[in-house]
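If you read the sequences in order, they're chains A and B. Under the working numbering, think of the first position of the first sequence as 52, with each following residue one higher. Under the working numbering, think of the first position of the second sequence as 11, with each following residue one higher.
Hints may contain errors.
As the list claims (entries may be wrong) - In silico contact screen, one side only, chain A against chain B (beta carbon under 8 Å); selected entries:
hint: 1; residue: Q175
hint: 2; residue: G177
hint: 3; residue: L188
hint: 4; residue: L258
hint: 5; residue: T268
hint: 6; residue: G273
hint: 7; residue: V347
hint: 8; residue: R363
What the hints assert, rightly or not - Cross-link-like lysine to aspartate or glutamate pairs, in silico, DMTMM-like; alpha carbons within 25 Å at most:
hint: 9; chain 1: A; residue 1: K58; chain 2: B; residue 2: D389
hint: 10; chain 1: A; residue 1: K58; chain 2: B; residue 2: D465
hint: 11; chain 1: A; residue 1: K286; chain 2: B; residue 2: D389
hint: 12; chain 1: A; residue 1: K286; chain 2: B; residue 2: D465
hint: 13; chain 1: B; residue 1: K429; chain 2: B; residue 2: D465
hint: 14; chain 1: A; residue 1: K286; chain 2: A; residue 2: D264
hint: 15; chain 1: A; residue 1: K286; chain 2: B; residue 2: D402
hint: 16; chain 1: A; residue 1: K58; chain 2: B; residue 2: D99
hint: 17; chain 1: A; residue 1: K286; chain 2: B; residue 2: E445
hint: 18; chain 1: B; residue 1: K228; chain 2: A; residue 2: E209
The set of hints was computed from the structure by calculation and includes no laboratory data. Here a beta-carbon is modelled for each residue, glycine too, at the ideal position from N, C-alpha and C.
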Amino acid sequence: MHIYILKRVLAVVPVLLGLTVIVFAIMALIPGDPATAILGSYATPENVARLNRDLGLDKPLVQQYFIWLENLLHGDFGRSYSLNRPVLDEVWERFSATLILAGAALVLCTLWGLLIGIWTAARQYGWTDRLLTFVVLIGISVPSFWLGLLLILLFAVELRWLPASGMFAIYGGGDLPDLLRHLILPALTLSVVATGVIARLTRAAMLEMLRQDFIRTARAKGVSERRVLYVHAFKAALVSVMPVIGVQAGFVLGGAVYIETVFQWPGVGRMLVQAISTRDILLVQGGVVVVSACYVLFNLLVDLAQCWLDPRIQT
Amino acid sequence: MLLAVLGVALLAPALPLAHPDLTSPADRLKPPFSDGAILGTDHLGRDLLSRLVWGTRLSLAVGVTAALLAAIVGSAIGIVAGYLGGRADHLMMRGVDMLMAFPYILLALAIVAVLGPGLLNALYAVAVVNIPFFARNIRGATVAIAHREFVDAARLTGMSGLRIIGSEILPNVMPVIVIAMSTTVGWMILETAGLSFLGLGSQPPQADLGSMLGEGRKLLITAPHASVVPGVMIFVIVMSVNLLGDGVRDALDPRLRSGALSRPAAATRVERTDTPEMKPTGALLEVEGLRTEFQVGPRVYRAAGGVSFEVAAGECLGIIGESGSGKSVTALSLLGLVASPPGVITAGAVRLNGRDTLSMTGEQLRRVRGGQAACIFQDPLATLHPLHTVGDQMVEAIRAHRPTPRREAREHAVSLLRKVRIPNPAACARSFPHELSGGMRQRVGIALALVNDPDLIVADEPTTALDVTVQAQVLALLDELRRERGLALVFITHDFGVVAQLCDRVAVMYAGRIVETGATQEVLARPRHPYTRRLIACVPEPGRGRRTLDAIPGLPPSLDALPDGCAFAPRCDRAQAACRGGEIALRRDGAHSVRCLFPEGAAT
Chain A
52 MHIYILKRVL AVVPVLLGLT VIVFAIMALI PGDPATAILG SYATPENVAR LNRDLGLDKP
112 LVQQYFIWLE NLLHGDFGRS YSLNRPVLDE VWERFSATLI LAGAALVLCT LWGLLIGIWT
172 AARQYGWTDR LLTFVVLIGI SVPSFWLGLL LILLFAVELR WLPASGMFAI YGGGDLPDLL
232 RHLILPALTL SVVATGVIAR LTRAAMLEML RQDFIRTARA KGVSERRVLY VHAFKAALVS
292 VMPVIGVQAG FVLGGAVYIE TVFQWPGVGR MLVQAISTRD ILLVQGGVVV VSACYVLFNL
352 LVDLAQCWLD PRIQT
Chain B
11 MLLAVLGVAL LAPALPLAHP DLTSPADRLK PPFSDGAILG TDHLGRDLLS RLVWGTRLSL
71 AVGVTAALLA AIVGSAIGIV AGYLGGRADH LMMRGVDMLM AFPYILLALA IVAVLGPGLL
131 NALYAVAVVN IPFFARNIRG ATVAIAHREF VDAARLTGMS GLRIIGSEIL PNVMPVIVIA
191 MSTTVGWMIL ETAGLSFLGL GSQPPQADLG SMLGEGRKLL ITAPHASVVP GVMIFVIVMS
251 VNLLGDGVRD ALDPRLRSGA LSRPAAATRV ERTDTPEMKP TGALLEVEGL RTEFQVGPRV
311 YRAAGGVSFE VAAGECLGII GESGSGKSVT ALSLLGLVAS PPGVITAGAV RLNGRDTLSM
371 TGEQLRRVRG GQAACIFQDP LATLHPLHTV GDQMVEAIRA HRPTPRREAR EHAVSLLRKV
431 RIPNPAACAR SFPHELSGGM RQRVGIALAL VNDPDLIVAD EPTTALDVTV QAQVLALLDE
491 LRRERGLALV FITHDFGVVA QLCDRVAVMY AGRIVETGAT QEVLARPRHP YTRRLIACVP
551 EPGRGRRTLD AIPGLPPSLD ALPDGCAFAP RCDRAQAACR GGEIALRRDG AHSVRCLFPE
611 GAAT
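This is chain A alone, in the form it adopts within the complex (with noise of 0.2 Å):
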């Protein structure tokens, strides 16, 4: 068992470098030359050249990455030339409001994917299980940015209920009461697609599994209906439905962008649209660096459960 966890772990380290080795590739792939858009179209060749080795940019690709990577690792993501501080210390600010977030969606969407999906299941073909995978159909298929919008017209403006925008009330706010209040609406809107996802999956995880002899044996142990389907075979399914979790943090995490924008929350998608705009290429690295990362250290996670999960696993 120690043996499987250390092997997964390991496996991730390949996938990490991989991932700087993508990021970093496209950032090379940007047409045009840096030292000649920092000194302007003026600059004198002369210029331009002890600029580029200045910073680095008259080595070969390969031990650039490795200049970078080198530096990534001492946590040097350079500098923000639009915000005029370092890359990191900004990513880690607005990174920790994504994470507020997208752990709360994602909370919300695994609870209401996994219930809607047991439910479904158990009245399969009956008018729960019409409705449900009806509204599951419209959850998985509305554009989230646009029921933020929704959303807010409904609660923040006409109902006056919940605030629109933001992370904290700008007077008086702070505590955690407050962060809740602002976190309902733009968690629930990001939840939206993943619950609808996950709850399709589960219900026909847990159809399938229904199905296998060991169902059987329980009916025929005599273990009563219930413990049939929440223990026997939701614990089964859950056994795919998992993965399945890991990914929809992918998507949560990335659906933060729009999120982040519609309800102005303060985390890194806003920041990576603004630095888009702005093309503050070295603020757009660190930010897919750094959620990537977590992405892929989250997926460990699940992996590491799913091995706790499945005894199967391990051998």
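Mind docking chain B on chain A? Use the hints.
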């Protein structure tokens, strides 16, 4: 609905609409249903309906193009990787995995960041992030067919790799590509709209649905219609595409149509047309006229067609027959364990200790199952829960019937494991089923059946999956337990050797009915039904030298088209015209009954 949207989008240039980019500052932000602008106008006074139609056209075009692009590139990678296999495959798939390590939209953002905002760039970005999905799916489909006969044949005729891919593989993986496209095109429309919404896709004055929504958002409170309208459109498009995708998938997935995906109910459906009046015989288990059918669409398969037998306390009845003879269905019907749908019990009665199990409520039946009557199944790897330890599964069975402290239940479980001669019972209780050998697993299956001290055990081919020495041990164990505890045993098997070793009486089944029944020694020594005789002849007897196995010619009849009269007649060498005439009764001759007009040993 999708067709309507598509139609409007295609016909956009021909429709009598105002120019979508025509500004008219005087008519700014007109609400919907005002004169000259049914859906109102936006902040520059442009007609929203017109912009909506043109935006839809653009969004659809971009989404579909992205889907095509992703499908072409992704499928190409998938097919080549799957066809070549080996290192090329490994390398390409690792690359694809790397791309998948990114959160979906983030990668698209990074690409847009490099290429710069713009609709075309957004299209590329969305296409690129969807390539891995296609590559993986199509590779899977290609690997499945890359070594099929027709591909090998094409290779032998000297066709080039490229031509094989084009003429043999591509047509066969096309359905997979279509399914993958139909399920992702909705996403791609949504994602491109999303990028435009963020201001990274289409740039003004050009507008797709996403950028309309993005512009509308700035006026959310003063002019909600400007954001609601394009959003509804995106929603309608994506939803209809998803519905269509589900439809395509369902149409191409054969499992859905056969009803193989419906969930089996807690107990077999019982829809009896007649419930036989039974005179109590005092036997522990009395089965009378049991009929179980599988109803699949318009077809009705009669798996058990009026089966009657009884088993006294402490007695062992063997039910023997070929696969498909209805013996397992009969056994499972006793406790309502036949999967339903498609199984339905349409006639008969099953009395256990004088109570009809078929008319019990769910809770009554639950108490009987695993309590008075327990089951042992054929393949314990599939029939034990893979994620629970052996001990937990036994404890659960105990506590389902008697409120017992967990610790006490566990001790009981371990003692039973010892009883069935598992070498290290405490360690076994902590093991998962996959960690045990086949023989050990079946012992666990037996121990599991014993936990509540049942009166009756129904064993459905419990030794079939085991090798011969283990089989003998398990049979000896069952026999010992039966004598020691006074258990009644219904033993389902296809092996006369097993019956001879274990059973007091035997019932031979063919095509859903008992054709002969009697004391084991009597039936073995003097089989009366021609089918029984042939079945016994199939068993090779050790110590008598090599003998040609006397297989029965022909196949059992199809259960949805059973012939009139004797179902065995078409394969029987003693059959006469009368055999096909009509119902043949099970005729009793002392303790030996046979369903045959011209039984063995009688003059023909």
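Hints and how they fare:
1. For Q175(A), the suggested interface contact is upheld, since its CB lies about 5 Å from the closest CB of chain B, less than 8 Å.
2. A distance limit of 8 Å between C-beta atoms decides the matter here; for G177(A) the minimum to chain B is near 11 Å, and the interface restraint is violated.
3. The criterion of a C-beta within 8 Å of any C-beta in chain B is met by L188(A), whose closest approach is roughly 6 Å, and the hint holds.
4. Below 8 Å, beta-carbon pairs count as interface contacts, and L258(A) has one with chain B at about 5 Å; its hint therefore holds.
5. Interface hint status for T268(A): upheld, as the beta-carbon distance to the closest one in chain B is roughly 5 Å, under 8 Å.
6. About 3 Å separates the beta-carbon of G273(A) from the nearest beta-carbon of chain B, less than 8 Å, and the hint is met.
7. The beta carbon of V347(A) comes within 6 Å of a beta carbon in chain B, closer than 8 Å, and the hint placing it at the interface holds.
8. With 8 Å as the threshold, the beta carbon of R363(A) comes within range of chain B, its nearest partner Cβ sitting at about 5 Å, so the hint holds.
9. Restraint check: the Cα-Cα separation between K58(A) and D389(B) comes to about 33 Å, which exceeds 25 Å; the hinted pair is violated.
10. A C-alpha spacing of about 50 Å is found between K58(A) and D465(B), which places the hinted pair above 25 Å, so the restraint is violated.
11. Between K286(A) and D389(B) the CA atoms are separated by roughly 21 Å; this keeps the pair inside 25 Å, and the hint holds.
12. Between K286(A) and D465(B), the direct Cα distance comes to roughly 32 Å. Violation of the 25 Å bound is thereby established for this hinted pair.
13. Proposed proximity of K429(B) and D465(B) is supported: the alpha carbons are some 18 Å apart, at most 25 Å.
14. The suggested pairing of K286(A) with D264(A) holds, with an alpha-carbon distance near 15 Å, which does not exceed 25 Å.
15. At most 25 Å may separate the alpha-carbon atoms for a hinted pair to count; K286(A) and D402(B) meet this at roughly 14 Å.
16. Of the pairs offered as hints, the one joining K58(A) and D99(B) holds, with about 23 Å between alpha carbons and a cut-off of 25 Å not exceeded.
17. As the CA atoms of K286(A) and E445(B) are separated by approximately 19 Å, the hinted pair is consistent with the 25 Å bound.
18. Pair hint K228(B) plus E209(A) holds up; C-alpha atoms about 17 Å apart against a cutoff of 25 Å.
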